[in-house]
Structures are given as structure tokens and as C-alpha cells.
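Required output: the full structure, derived from the provided sequences and hints.
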Amino acid sequence: MSIGSVPLALVIPAPALLEHWQGHRRLTRRVIDTFPEDQLFSFSVGSMRPFGAMVTEMITMAEPMVRGIVTGEWKQSLTREARPKEEILRLWDQSTEKINTLWAQIPPDRFQQRMTAFGQYPGVVYDLLLYVIDNEIHHRGQGYVYLRALGIEPPPFYERQ
1 MSIGSVPLAL
11 VIPAPALLEH
21 WQGHRRLTRR
31 VIDTFPEDQL
41 FSFSVGSMRP
51 FGAMVTEMIT
61 MAEPMVRGIV
71 TGEWKQSLTR
81 EARPKEEILR
91 LWDQSTEKIN
101 TLWAQIPPDR
111 FQQRMTAFGQ
121 YPGVVYDLLL
131 YVIDNEIHHR
141 GQGYVYLRAL
151 GIEPPPFYER
161 Q
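Quick note on the numbering used here: the sequence shown kicks off at 1 and runs consecutively.
What the hints contain is simulated information worked out from the structure, not anything from laboratory work.
This structure is a prediction, so every number in the text was calculated from the model and none was measured.
Heads up, a few of these hints could be off.
Here are the simulated SDA-like cross-link-like pairs (lysine to any residue), alpha carbons at most 25 Å apart as the crow flies [stated by the list, open to error]:
| no. | residue 1 | residue 2 |
| --- | --- | --- |
| 1 | Lys98 | Pro15 |
| 2 | Lys75 | Tyr126 |
| 3 | Lys75 | Met58 |
| 4 | Lys98 | Gln112 |
| 5 | Lys85 | Tyr126 |
| 6 | Lys75 | Ile106 |
| 7 | Lys98 | Leu130 |
| 8 | Lys98 | Ala53 |
| 9 | Lys98 | Gly151 |
| 10 | Lys85 | Pro13 |
| 11 | Lys75 | Leu89 |
| 12 | Lys85 | Pro15 |
| 13 | Lys75 | Gln94 |
| 14 | Lys75 | Gly151 |
Put into C-alpha cells, the structure is as follows:
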């Protein structure tokens, strides 16, 4: 596989990228679980959104992105409305399992293909996936700030098992 006349080197195998992402997802889940139920959709700092709104955004992006990469169908069926923490965690876990199932269906050469996600975000597939991962890490960092502002010690950021 190459771009023009320059051969592409594989830097990270697809299963390793998935495991890296799932490590982040495990940590983000612990941050969600640590967050006080009564503050999930109400507490914010400055002009940032509540952490619950960020989490619902992550849920509506992650599995739909992988599904779109596999099927070419780009739809988000979940709304971003406030929900009880127990439901958020259930949706997170369901999304995680769907990502694992769908990931195995991505043909290896698909990671190098160009797609337009959700009809508006063009890019190479691996870049689209890295965007979703980066977005999660960014919002989890905001969650850490919120937890500290609430006087709660967040989970260690380096523990992703």
C-alpha cells in the first residue's frame, strides 16, 4: 500500500490500536463512575459543558464512527440528553462491546482509505479514529478538572487496565 509512490509503513497494528483505545475507554468509564450522580449534568467550570454532556457526545461519536467505517452508514441514533449515571454507564458498556465487534470487520486496507464521516468530516480512516480517541482524552481531562473542583480524587490517569 502506498500514497503516490511513497510506501506506507505500518506503525501500529489494528488490534493494538483498538487495545490502546479500549484502555482509554476503561479509564474514562472509571471517571464517569467516580462522578457524583447529582453533578453529572449540572456541574461545570467556566463556560465548559457539564461532564455528562461531554460523555453523551463521546457515546454518540465512538461506536457510530466505527460502524460508519465498516458499513458506510453514518448515523447517530442516540440523543445527547441528560440521563441517570447508571444508564450512561450501560450505554458506555454497550458502545464498547459494539466497537469490539465492529472493529474485527474493518478490512486492513480500510484504515488508509478516505471517507467523509457523518456527511461532513472528510479524512483518512485512521485520522478519523484518532480524532475520536483524542476527543475522548480531551473531555476526560475536563472531567478530571471537574472532579478536582468538587474535591474528589480522580482515578490515576496512567491506569488503563
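Unmet hints by their number, sorted upward, for this structure: When the structure is compared with the hints, numbers 5, 9, 10, 12 and 14 turn out to be violated.
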